[in-house]
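Starting from the given sequences, assemble the full structure and let the hints guide the process.
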Amino acid sequence: SRDRAMLTAALLAAVAGALHPAATARRPVRHTAGMPRMLSAAEWLTDQGYVVGNAKSSGSSGWASFGKISVMDPAGNPAELFIKTAGRPAKEMFEGEALGLKAMGATKTVRVPKVLHYDNMDGGGSFLIMEYLHLTGSPDPAEFGRQMAKMHLAPPDPELNPEGQFGFPVDNTIGGTPQKNRWREDWVEFFRVNRMDYQVDLAGSTELSRAWQQVKDRTQGLRALFDEDEDVKPSVLHGDLWSGNMAATPTNEPVIFDPATYYGHHEAEWGMSWCASLGPAFWRGYREVIPEAPGFRARRPLYEAYHKINHYNLFGGFYLSDGISLLKRLA
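Per the working numbering, the very first residue in the sequence shown carries number 238; after that it's consecutive.
Where hints are given, some of them may not hold.
Said to hold, decoys possible - In silico SDA-like cross-links for lysine to any residue, where the CA-CA straight-line distance does not exceed 25 Å:
1) K345 / V407
2) K351 / S297
3) K328 / G412
4) K470 / N398
5) K293 / P315
6) K565 / D438
7) K339 / Q402
8) K339 / R421
9) K345 / A391
10) K351 / A484
11) K293 / D359
12) K305 / G361
13) K470 / W420
14) K417 / W300
15) K345 / R521
16) K417 / G362
17) K328 / G361
18) K351 / P311
To be verified - Simulated restraints, written as ranges between beta carbons of each label pair:
19) A312 / R419: 36 to 44 Å
20) E396 / S295: 30 to 38 Å
21) S295 / D423: 36 to 44 Å
22) C512 / P392: 27 to 35 Å
23) S562 / E529: 22 to 30 Å
24) Q451 / A391: 32 to 40 Å
25) W520 / T488: 19 to 27 Å
26) Q451 / K293: 46 to 54 Å
27) G413 / S295: 16 to 24 Å
28) N314 / W520: 33 to 41 Å
29) H371 / G554: 33 to 41 Å
30) T373 / S446: 42 to 50 Å
31) E396 / P311: 24 to 32 Å
No lab work stands behind these hints: they were computed from the structure.
Note that the structure is predicted; figures quoted are calculated from it, not measured.
Virtual Cβ for every residue (Gly too), placed ideally from N, Cα, C.
Next comes the structure, spelled out in structure tokens:
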């Protein structure tokens, strides 16, 4: 309709001007690749009754771009929203992230951003809209540890995991690597097949494949790493917890974001602790709630190897030798 066309034109001008303040009436706006995706998010907000104000680009990663939009919500309250956009479809890029934030948020423990919407765009690509949180530095480590432990002890969201299994309703990504989350009743099988087999096959390294096969042969397919009476329950995991995915609000409330969530063994959360800067105070807080299991230190190289091999698949280089060394410790 004519009204819709006028609204869209005004919206494009407002957001384009915010993203490109140097543009003037004498010089047409030069649209960047990420800008149409930002505009698609702003159009969706307008359709829901939001009044869109200023928009600002906030950088990018290797697989997504980020921005912030100031809005007036339908009730007339000012708010700020965080926008992520990507060139890949929403099912590949943002569905898993949105459901992961929902799963962690359902535990009512550590703070995560609330998701408003994710969708595809007509011209290709996708966007994710969530609340914008003003973040400072690192959270109080002991309280952060306690909150993470409480999240791991929380029962699974019955909407997302009604059978109490290991996996997730959808596949997602760990960085830019697909993460296969097919449901399984058995944790050892899940981690062996869905996590390690997939990453090792993706790496295409004969030496790595040989080391991984030796681990499976010498640990009865990983089962020897777990005591017979050890009851591994499905905990909701952030899945990619490193220092770049954690922060604090101005009131020092711990916040985690950018997840690769699934339901798994809580110890698997710490496979990225080599770049998470989790100090003694954090572990004291965590262990106040979840004491260290007897086999924790023996299993730790397994969970770290998953992330090191994934880093090799993403970035190449020395991560391959790191992954092989960790597997040799297990074998």
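For the hint 33 to 41 Å, verify it against the beta carbon of H371 and that of G554. The hint (33 to 41 Å, Cβ to Cβ) holds, given that H371 and G554 are roughly 35 Å apart.
Distance restraint hint 36 to 44 Å, applied to the beta-carbon atoms of S295 and D423: Check passed, 42 Å falls within 36 to 44 Å.
CA of K339 to CA of Q402, is that 25 Å or under? holds, 17 Å
Taking the beta carbons of S562 and E529, is their distance inside 22 to 30 Å? Hint holds: Cβ distance 23 Å, inside 22 to 30 Å.
Can you confirm whether the C-alpha distance between K417 and G362 stays at or below 25 Å? holds, 21 Å
Keeping to a limit of 25 Å between CA atoms, is the pair of K328 and G361 held or broken? Holds: K328 and G361 sit about 12 Å apart, inside 25 Å.
Using the C-beta atoms of E396 and P311, is the stated range 24 to 32 Å upheld? For E396 and P311 the Cβ distance comes to about 25 Å; the hint holds.
Are K293 and D359 close enough, with their CA atoms no more than 25 Å apart? holds, 22 Å
Starting from K351, check that the Cα of S297 is at most 25 Å away, please. With a Cα-Cα distance of about 20 Å, the restraint between K351 and S297 holds, given a limit of 25 Å.
With a cut-off of 25 Å on the C-alpha distance, tell me whether K293 and P315 pass. Roughly 16 Å between the alpha carbons, so the hint for K293 and P315 holds.
Check the following: the C-beta atoms of C512 and P392 are separated by a distance inside 27 to 35 Å. holds, 30 Å
Consistency of beta-carbon spacing, S446 to T373, with hint 42 to 50 Å: At roughly 44 Å between Cβ atoms, S446 and T373 fall inside 42 to 50 Å, so the hint holds.
Going down the numbered hints, you'll see the structure goes against none, and every one checks out.
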